[in-house]
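There are 4 protein chains.
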Amino acid sequence: MAYFQTRTTPGRHFLQIPGPSNVPDRVLRALDNPTMDHRGPDFGVMGKQVLGKVKKIFQTESNVIIFPASGTGAWEAALVNTLSPNDRVLMCETGHFASLWREMAERLGIRPEFLKGDWRRAAEPDAIEAYLRADKGHEIKAVCVVHNETSTGCTSRIAEVRAAIDAAGHPALLLVDTISGLGSMEFKHDAWGVDVTVSGSQKGLMLPPGLSFNAVSAKAIAASKNAKLTRSFWDWAPMIASNATGYFPYTPATNMLYALDTALDMIFEEGLDNVFARHDRMAEATRRAVRAWGLEIQCAEPRHYSSVLTAVRLPEGHSANALRATIGERFNMSLGNGLGQLNDRVFRIGHLGDIGELHLMGTLSGIEMGLRIAGVPHKPDGVRAAMDYLSGNA
Amino acid sequence: MAYFQTRTTPGRHFLQIPGPSNVPDRVLRALDNPTMDHRGPDFGVMGKQVLGKVKKIFQTESNVIIFPASGTGAWEAALVNTLSPNDRVLMCETGHFASLWREMAERLGIRPEFLKGDWRRAAEPDAIEAYLRADKGHEIKAVCVVHNETSTGCTSRIAEVRAAIDAAGHPALLLVDTISGLGSMEFKHDAWGVDVTVSGSQKGLMLPPGLSFNAVSAKAIAASKNAKLTRSFWDWAPMIASNATGYFPYTPATNMLYALDTALDMIFEEGLDNVFARHDRMAEATRRAVRAWGLEIQCAEPRHYSSVLTAVRLPEGHSANALRATIGERFNMSLGNGLGQLNDRVFRIGHLGDIGELHLMGTLSGIEMGLRIAGVPHKPDGVRAAMDYLSGNA
Amino acid sequence: MAYFQTRTTPGRHFLQIPGPSNVPDRVLRALDNPTMDHRGPDFGVMGKQVLGKVKKIFQTESNVIIFPASGTGAWEAALVNTLSPNDRVLMCETGHFASLWREMAERLGIRPEFLKGDWRRAAEPDAIEAYLRADKGHEIKAVCVVHNETSTGCTSRIAEVRAAIDAAGHPALLLVDTISGLGSMEFKHDAWGVDVTVSGSQKGLMLPPGLSFNAVSAKAIAASKNAKLTRSFWDWAPMIASNATGYFPYTPATNMLYALDTALDMIFEEGLDNVFARHDRMAEATRRAVRAWGLEIQCAEPRHYSSVLTAVRLPEGHSANALRATIGERFNMSLGNGLGQLNDRVFRIGHLGDIGELHLMGTLSGIEMGLRIAGVPHKPDGVRAAMDYLSGNA
Amino acid sequence: MAYFQTRTTPGRHFLQIPGPSNVPDRVLRALDNPTMDHRGPDFGVMGKQVLGKVKKIFQTESNVIIFPASGTGAWEAALVNTLSPNDRVLMCETGHFASLWREMAERLGIRPEFLKGDWRRAAEPDAIEAYLRADKGHEIKAVCVVHNETSTGCTSRIAEVRAAIDAAGHPALLLVDTISGLGSMEFKHDAWGVDVTVSGSQKGLMLPPGLSFNAVSAKAIAASKNAKLTRSFWDWAPMIASNATGYFPYTPATNMLYALDTALDMIFEEGLDNVFARHDRMAEATRRAVRAWGLEIQCAEPRHYSSVLTAVRLPEGHSANALRATIGERFNMSLGNGLGQLNDRVFRIGHLGDIGELHLMGTLSGIEMGLRIAGVPHKPDGVRAAMDYLSGNA
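Chains as they are written, first to last, in the working numbering: chain A, 1 to 394; chain B, 1 to 394; chain C, 1 to 394; chain D, 1 to 394.
A couple of the hints might just be wrong.
Pairs involving identical chains hold if they fit within one copy or between any two copies, as the list cannot separate such chains.
Stated by the list, open to error - Derived EDC-like pairs (lysine to aspartate or glutamate); straight-line CA-CA distance at most 20 Å:
{"hint": "1", "residue 1": "136", "residue 2": "42"}
{"hint": "2", "residue 1": "116", "residue 2": "316"}
{"hint": "3", "residue 1": "116", "residue 2": "270"}
{"hint": "4", "residue 1": "379", "residue 2": "235"}
{"hint": "5", "residue 1": "56", "residue 2": "301"}
{"hint": "6", "residue 1": "48", "residue 2": "118"}
{"hint": "7", "residue 1": "228", "residue 2": "106"}
{"hint": "8", "residue 1": "219", "residue 2": "186"}
{"hint": "9", "residue 1": "53", "residue 2": "190"}
{"hint": "10", "residue 1": "225", "residue 2": "103"}
{"hint": "11", "residue 1": "116", "residue 2": "25"}
{"hint": "12", "residue 1": "136", "residue 2": "113"}
{"hint": "13", "residue 1": "55", "residue 2": "186"}
{"hint": "14", "residue 1": "379", "residue 2": "25"}
{"hint": "15", "residue 1": "56", "residue 2": "269"}
{"hint": "16", "residue 1": "188", "residue 2": "166"}
{"hint": "17", "residue 1": "48", "residue 2": "284"}
{"hint": "18", "residue 1": "55", "residue 2": "160"}
{"hint": "19", "residue 1": "219", "residue 2": "166"}
No lab work stands behind these hints: they were computed from the structure.
Quantities reported herein were computed from a predicted structural model and do not represent experimental measurements.
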């Protein structure tokens, strides 16, 4: 028997990891429509419609490439389309995902240089500017920044990063990973001067994993003409050529495109600004709960707070993984684990995607009860603090 | 465009009325399978399987009739199969649904006599016994009791009602409505000596509305041979005859049978006793929240508390309907309205079916925040009281 | 495990009975949306929308009652709302379903008189007129006609029946069963002067079974005020009262209403006239196949041919049931059995609902191959005849 | 509105391209289950179950890597994990897909040598043997063969290719693309001595596109340790490491894994041998139809016939694309187009996956009618020939 049919826990699972997020019923029902001929006339009409809609979410007039692959692939695509072997790139150690991206860059044969970070704040525009100013020969070909660092809950201010590069008068490309930020927090590919934006389907876009994206500026496309890293599956050029008529150069993930089409409708029906404001509200309620529990938020800079997730530090001597296991068993909820150096030190609360106030309150209640059962020292005031805020009496 | 596709409130709706309950994803995915030939060989196999499983939920070895109709129809079926015009029947005024059943009886041409109630407690076995003892001529043909009165949250103790009838030495049939109790609270058709049990799909069975049931004792079947009320659609006899081979005398609601088949699997996989214990726990947590708010539970007798729903009285001068509207608009949750004489005086919290602790906490949080926003006097301690209980520190 | 998950025949089942018809994917995906609060504000909006749309399919400005029950119930509703015990009604023996309706009338305590038929043609307006003229005292209260007799594939011409009643100057109500005709063949409740139209969800409306309908004229409503048959579940009055605001007096089959909403959209998107023309084309192709096989069509009057189904007579000495069993086992297709006196003598081909040319050709191919395997004498030219017609070279 | 909801053609679309194939309802309903935490304890259990099942379909005891990406990616993975820049590889020009794989190899920096072919037969073991014998220095690192060439309908005999390599005493790896063959025709990764088998989800496995596979021999894994092509997303090593406990190194396509789990169940329930025999039967019926039409099958070697698809050549002066367009518009069916040099010269009939006899007959009927309407010279005997065969009287 298929595995998913054998789980018998009553009630809906609370999937409160910072992605994949809870997929709305309407999106699941788009996903499960019969697959169509990806070379037939209907497909082209749908393809153009979806490719058009998806630009709006990146706030770009440029091309957005849709890969039938999960998000890690779009990282690779961003690098192999724009860079050549041994190219120097500047990366910022915002956390685990920035570190993974760096490791990937090394595997691909480029030379990442890493602006050290403490995993408690986002990328620092000043440091980037200083680093680039020092690169008189303009050997650094790209600056790579994670917009929303999913391992820490710190969000980099991309417009300021752009300003820093410009202030340094440096021609490096700006490559941004907003896999977990897109569709939940403001992101302006064009206005912020991003050259390649990397994203994925399973976070703010409210889809299952299986699609990923590169939004690409004209400058990035120009760079791709001379980039020498080998590429085939990830190559932008045949994608852009085929997309012009709504098709793809190889078999696309048709059913995921149905789901994307519907998810974008839902986001635009709610209104992008409303979506962002809702995420801000969920995040603020969560942080108030964390503070009321007397626990520490991993993100140490309030201006870097993420509206997508909140990573919470446990007091010394207490295991975040044990807490998560307790909550999973007792309350049928998944929370994000600590990644890399934060393993067992933090747990992460996803409050993104298709989420409303009561779903969040169920989540926070589960944590507060879990803290109690697991014997983690805390004040039992988090849920109340969140309610105070969400009911407008904060 | 179909209406359900036009709703744009983010996040899942909290459907916390006392039925229809939240239908689990697995049941929805059973429901949407292609309809099959209801006269073909496959159907008979499925029919026998489902008819066999459904007996276990009624805890009966007798026949259970499945009507392709919602629950109100099964009330009618119970009466028209067992009674004749002008028959006297004894009914117990437990609340709005008991009153509706009585009105139906009058419309059908029988003569209900109503044991007065105050809508704050369940049926009283002593009063039933006394009433029957007074009926020396045994003119009363049936005693009709609502097991779980959905308008008040009071649950009648059916075994005691049976004992009362026996103590009176009275031959009346015992007809019980457990539309909202079945699958959530213990119910033993055979062991409790019920003659006709009436139920429906959309409560503890976790289906959409559209199926209803009569479990029938041998004594009830015997009575049906002489019952003179006109009947055709609701007639048990052709149902029992066809069901023997897994078929139905007229077109059944095939897709609802798929869903029933799956929902029963889910209940048995969890275990009936576990299902009941879970409902008891949800109910107790809810009542502790209500008391901590300083509000009054409509059910005045603790031994009559329902594990399916809790009706909550509002302080004089406050509108339950205004509160529900506020909660609906602000928090995307439906609560049950006050019915009949309780309109605007109570709201009803459904905590039945496919529900776990965090879903309940979302529900209670929404109410606590709603009370605040609507300006209903209360102490903001309900959510904490529920958490204390559910995390085992109560 | 749920039964529907255990069938392992490869390929989609061909459900070619004359209803339930193949439910389109889009309708199944409407059906499986989460159940909503039937007393909440959203429901009223949806209810009004659906109740408005459904009138268009009956081509009426009057009320259409939607019962959360399968079609047999709507037969009962038509009778109990308009008639009194011992009322005489005129019924026409068009086939098995007309006979069942007559039996129901008897069980309900009215006195049906049956215009004899041979199950090979539809109702005869002349005979009706003559019968009514003979009823000088206007004792006959209603004329009951089956529009599309699903057991024979004969369709009565309702406008002519109306004209016959009028020609006789008789005040009887006209009650019409178009359970299997609606949505597949022209039906004009208002223009044809029908008083009560009975229908169901699982045929031309392309839904699973579980909803049924009464479209009611002002004259029928007037009759209902004085009708004395007992009724409660089927009573129109509370339905009409609640429907005014989009609600129902008792729990509706919410998920079926989602599906109805969507199915009506699909029909109107295609266009009612296009839907009817498509059914005519499928039916004509089928009849050409039957004739080319050298088999006889059960409907002996071409002007009575149904566009919904074709019943086919087998040569003497050959079993229609054996043929159907062979086709079921070898080719995974369900065909309709012969009902009543036609058992084993005919098989019935459903060509209704969500069906296109290739689906029909698969159906006819399966029959032609089945005839061969079962050893039924025939010419193997049916499929070719149908293709000749459908490709425009007939 | 989402595009797929705006198509209004009545009846189910016939998706008769050689993949994506028609996805069974049961698989679509697995696909649309709520996404789960890919790092939680449930996932590991499911992952191990699926990874175990998938080996059986490749008939291997070795590792099968599942990429969250469509099939083209798995081609790339096979090359980048086993080869180094400028490596010589031998490829066989079986058709369009072999040509595309060769182009990919060039883009990746290896040096493919192409055994010329005429696109009307499969790979020739003798030619491979001769070519390898000539490579005294064993410079050729891999032989790449397309098992089922989807552009021509020719199937290479992989066991014979293996024998040819062995006969030549050559150490080259054997890389086989069975993207469109797996699950429809016999494939034995271990017994046939394949080193890397490449496949995808959307053909015989009956899933939507979005997953692809590499089954890898111990020899291939050994080769991967020294292979120097850059790789990251496609790297086997972290996949194999994570898979040991049922997890993946980066976010997997969770919902596609649900669907895979279910599709594999369906295949094993039917039985692999039965699945293959069914495909053989569909293919033979199709070829008989093509011959009876007087048209030519693209595959010129009967021992190379594919059971997955049949490519059909049109008479000179007739356009295959015009024919396909006619059939699409008139009969709501998609057929495969001619690819590369076969554009407009052939059309391709997919008869794979979840398909039964009647579905195939609908398909062949649509083609026969389309030939007539489009004015393509033919004899109208194809459908009959197929029926003769399928009904056992051939």
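Structure-based check of each hint:
no.: 1; hint: 136 / 42; verdict: neither (53 Å within a copy, 52 Å between copies)
no.: 2; hint: 116 / 316; verdict: neither (24 Å within a copy, 63 Å between copies)
no.: 3; hint: 116 / 270; verdict: neither (39 Å within a copy, 51 Å between copies)
no.: 4; hint: 379 / 235; verdict: neither (53 Å within a copy, 47 Å between copies)
no.: 5; hint: 56 / 301; verdict: neither (30 Å within a copy, 52 Å between copies)
no.: 6; hint: 48 / 118; verdict: neither (43 Å within a copy, 36 Å between copies)
no.: 7; hint: 228 / 106; verdict: both (15 Å within a copy, 14 Å between copies)
no.: 8; hint: 219 / 186; verdict: neither (22 Å within a copy, 49 Å between copies)
no.: 9; hint: 53 / 190; verdict: within (15 Å within a copy, 45 Å between copies)
no.: 10; hint: 225 / 103; verdict: between (25 Å within a copy, 18 Å between copies)
no.: 11; hint: 116 / 25; verdict: neither (42 Å within a copy, 46 Å between copies)
no.: 12; hint: 136 / 113; verdict: within (16 Å within a copy, 46 Å between copies)
no.: 13; hint: 55 / 186; verdict: within (14 Å within a copy, 44 Å between copies)
no.: 14; hint: 379 / 25; verdict: neither (36 Å within a copy, 36 Å between copies)
no.: 15; hint: 56 / 269; verdict: within (13 Å within a copy, 29 Å between copies)
no.: 16; hint: 188 / 166; verdict: within (17 Å within a copy, 58 Å between copies)
no.: 17; hint: 48 / 284; verdict: neither (38 Å within a copy, 39 Å between copies)
no.: 18; hint: 55 / 160; verdict: neither (22 Å within a copy, 50 Å between copies)
no.: 19; hint: 219 / 166; verdict: within (14 Å within a copy, 51 Å between copies)
In summary, the structure is inconsistent with hints 1, 2, 3, 4, 5, 6, 8, 11, 14, 17 and 18 from the numbered list given earlier, while agreeing with the others.
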